[in-house]
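Visitor: Protein chains in written order, with this note's numbering: chain A, 1 to 173; chain B, 1001 to 1308.
Simulated from the structure, these hints should not be mistaken for laboratory data.
Among the hints, a few may not be true.
Below, a list of computed lysine to any residue pairs in the SDA-like style, where the Cα atoms sit at most 20 Å apart [as the list claims (entries may be wrong)]:
#	chain 1	residue 1	chain 2	residue 2
1	B	Lys-1113	B	Leu-1101
2	B	Lys-1184	A	Pro-135
3	B	Lys-1091	B	Ala-1162
4	B	Lys-1122	B	Pro-1237
5	B	Lys-1122	B	Ile-1234
6	B	Lys-1184	A	His-36
7	B	Lys-1184	A	Pro-169
8	B	Lys-1184	A	Tyr-139
9	B	Lys-1243	B	Ser-1229
10	B	Lys-1184	A	Leu-128
11	B	Lys-1122	B	Lys-1184
12	B	Lys-1184	A	Trp-137
13	B	Lys-1184	A	Gly-138
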Amino acid sequence: MQPTFSSSRILLPVRPWFIFLSLIAAAVLNFLPTAHWPGMPDWVALVLCFWSVREFRRVGMGWGFVLGLLMDVADGAVLGQHCFAYVLLAYTASSLSRRILWFPLAQQALQIMPLLVGTQIIQVLMRLAVGADFPGWGYFIGPFVATLLWIPATFILLLPQYRPVEQDPNRPI
Amino acid sequence: MAGMDHAPPPFFKRGPAPLALLTFYIAVSLAIFVVDLRFKSLELLRQSIALVVDPVQRVAQTPGSLVDYAGQYLQGMRSLQVENDELKHAKLTTAPDLQRLAQLEAENTRLRKLLDVKEREKANGQVAQIMYTARDPFSRKVIVDKGQQADIAAGLPAIDEAGVVGQVTRVFPFSAEITLITDKDQVVPVQVVRTGQRSVVFGLGNGQLELRYMPANADIQVGDLLVTSGLDDIYLPGFPVAKVINIERDSAYSFARVFCVPIAGVENFGEVMILAPRQARPERPPESAGRAAPNDGQRVKKKRMTKN
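Based on the sequences and whatever the hints tell you, model everything.
Guide: Pasting the structure below:
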């Protein structure tokens, strides 16, 4: 696989334990006290979206569901709120993956934005429908920050897959 | 959605089609959403997941609390001394009241016994430390560090040094979730101290409370103190809850809109005291007895009338 389909650079295959580790790390980032700061992105949504786009055969709706349950319990939210949003996110991200990966990174981020904003809107609608309080517009800043983070996230999460610059000509891969 | 290879070649087994999986997961999510919200019967599932998540969350909170601790440590001797002096002073000013409290309580019980009134219930409980606020932006909840292991149960009230903070709504093995009184539609039965009028105060969700269903001409003023009325099996009577800050009387509506702010440091971090459950109250008299009584009275009256 390449960083983008138009790139000539070939990546090493992904290691399953790295995917697992990055998803857990994203959950821990969500548990940090910084989660209450305005405009903090939902790290789990971002990383889940990333792997659903890159590796839709490994990460998909099942992971979305499990991580959603974890986040629901950790947040003290209604069970099923994050599950629903993350499952939909994983599905749309994986079905768009073949198209998104043809674009350069900045345009990828633009295509990811509606998915992340949609995840947030779905959760608001679910809670408002059952009589919760509107959390304020600051709640919607997070996905836009996450969109900007798509570029550094791609770089960091693909880091273990890049091949060394000096290559042995006898062993090209 | 045409981009993704949804239909795999038949010689590769890849499990159910994505659309089928999506339908399945969405059905399950919506089902647990409704069941959790309406029937509250998924607490066991929540507790078992919390058993895994809770330690991770505590570890994740550690850097923040370490920074707090370091900040407090570096504040130095001077501020500590000032605080110590202030506390000593405060202790001295409350000393006359406190020293006579024991004698007053004894006198009160004796008088109550003389009058044959039930003894006033004593408040006792245990102190818990607030660890963090729940991340859910739709509600106002905090997590404290005591749970089932410390005999905390759902429904117990929590207070701080100034007044009522909230009520325990969920209990996990080593932690508990307290819903603050400012949470939307969290209800506390209260009494206006000045007039003795009983009412119910509702959380608004924006850090304020509202006294609903007060008649437009009700005797209530800005600055009135609301304390718990004790007319429920949860809160003991007499704990300060809120102070009235704004009253909108509009003759177009039959009720006045009374806004209050909580007295306790509801949105502050610190320690709270979770009170022990109240003693069971005597059962309510059955509904029908109350209705039958006036009829009997009427009958008696009628009989008397006929006798006369």
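Visitor: Now look at each hint and say whether the structure bears it out.
Guide: Going down the list of hints, with the structure as the test:
1. B:Lys-1113 x B:Leu-1101: 18 Å, holds
2. B:Lys-1184 x A:Pro-135: 11 Å, holds
3. B:Lys-1091 x B:Ala-1162: Roughly 15 Å separates the two Cα atoms, so the pair holds.
4. B:Lys-1122 x B:Pro-1237: Holds, because 10 Å separates the two Cα atoms, which is no more than 20 Å.
5. B:Lys-1122 x B:Ile-1234: The given pair, whose Cα atoms are some 13 Å apart, holds under the 20 Å limit.
6. B:Lys-1184 x A:His-36: 19 Å, holds
7. B:Lys-1184 x A:Pro-169: Answer violated: Lys-1184 (chain B) to Pro-169 (chain A) is near 67 Å, above 20 Å.
8. B:Lys-1184 x A:Tyr-139: 18 Å, holds
9. B:Lys-1243 x B:Ser-1229: 15 Å, holds
10. B:Lys-1184 x A:Leu-128: Holds - the C-alpha atoms of Leu-128 (chain A) and Lys-1184 (chain B) are around 12 Å apart, at most 20 Å.
11. B:Lys-1122 x B:Lys-1184: Distance ~30 Å between Lys-1122 (chain B) and Lys-1184 (chain B) Cα, so the pair is violated.
12. B:Lys-1184 x A:Trp-137: 18 Å, holds
13. B:Lys-1184 x A:Gly-138: Roughly 19 Å separates the two Cα atoms, so the pair holds.
Hints 7 and 11 from the earlier list are contradicted by this structure; the remaining hints agree with it.
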